[in-house]
Amino acid sequence: MSAEEAVEMAIDYWESLTDEIGFDLADVFRRRRLVPFVFFPRHIAARHGAPEKTSIYQSLQQAHDAFIFGVPFAALALMRSIMETVLRDHYNAEGNDLSERINSVRKILPAGANEAALHRLRTLANAVLHGRADSGEMLTTLEPFQMEKEMVSLLLVLRALIEGVPQWRGR
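Sequential numbering of the sequence shown, starting at 0, is according to numbering that gives the first Met the number 0.
Any given hint might turn out to be false.
[Claimed, not checked] Derived lysine to any residue pairs resembling SDA-like cross-links, with alpha carbons at most 25 angstroms apart:
1. K148 with A110
2. K148 with R31
3. K106 with R121
4. K106 with V164
5. K106 with E83
6. K148 with A159
[To be verified] Estimated spans, in silico, between C-beta atoms of each pair:
7. T140 with A115: 19 to 25 angstroms
8. F28 with I107: 34 to 40 angstroms
9. L24 with M0: 21 to 27 angstroms
10. D26 with T84: 25 to 31 angstroms
11. Q57 with K106: 28 to 34 angstroms
Everything labelled a hint here was simulated from the structure, so no lab data went into it. Where is the CB? At the ideal position from N, CA and C, for every residue including glycine.
Let the hints inform the model, and build the full structure from the sequences given.
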């Protein structure tokens, strides 16, 4: 294949990516700048073996990537999973479902990840995961900019939950 043919093929692929799929590189870079950095406190990292740490880190990285590349519903599903793991394993939340677990630790939640904020994340993610029309319709009617604001807000809630894990809580 000649250089000209390779360039032509690359242009065709790029046009397919942008025209047919709707990929926008500027949006990717903009969303990347919106993702909050999350600091994992030492008492979280020291408490678990490598497989679990990797799982939480990898899930968070994939949630960030899903948001960055314009797949907010996938990001929400991962964020819900991370929230449930952090509540169960680091806040010792109890209950039969996520709603009960959130309620069981409401008094020790950090301000940035209060009960209402966690229930909002749970409700929106459940709408995506379970096809519930009540919250799901709200998500699909949001303009892209509004959806990004909602996602960044929820990413900040998740960051506060992780960074605010009480040091004294042990099993």
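Verification of the supplied hints:
Between the alpha carbons of K148 and A110 the distance comes to roughly 19 angstroms, so the proposed pair stays at or under 25 angstroms and holds. Distance hint between K148 and R31 is fulfilled; the C-alpha atoms sit about 13 angstroms from each other, no more than 25 angstroms. Simply put, K106 and R121 have alpha-carbon atoms about 18 angstroms apart, close enough for the 25 angstroms limit, and the pair holds. The hinted pair formed by K106 and V164 meets the criterion: a straight-line CA distance of about 13 angstroms does not exceed 25 angstroms.
A distance of roughly 17 angstroms separates the Cα atoms of K106 and E83; the hinted pair therefore holds under the 25 angstroms criterion. Proximity of K148 to A159 is assessed by CA-CA distance (about 17 angstroms); at most 25 angstroms being required, the pair is judged to hold. As the Cβ distance of T140 to A115 is approximately 22 angstroms, the hint placing it in 19 to 25 angstroms holds. Look at F28 against I107: about 38 angstroms separates their beta carbons, and that is inside 34 to 40 angstroms.
For L24 paired with M0, a C-beta distance near 25 angstroms keeps the hint of 21 to 27 angstroms intact. Between D26 and T84 the C-beta distance comes to about 29 angstroms, which sits within the given range of 25 to 31 angstroms. At about 31 angstroms, the beta-carbon gap between Q57 and K106 stays in the expected band of 28 to 34 angstroms.
The structure is consistent with each of the numbered hints, conforming to all of them.
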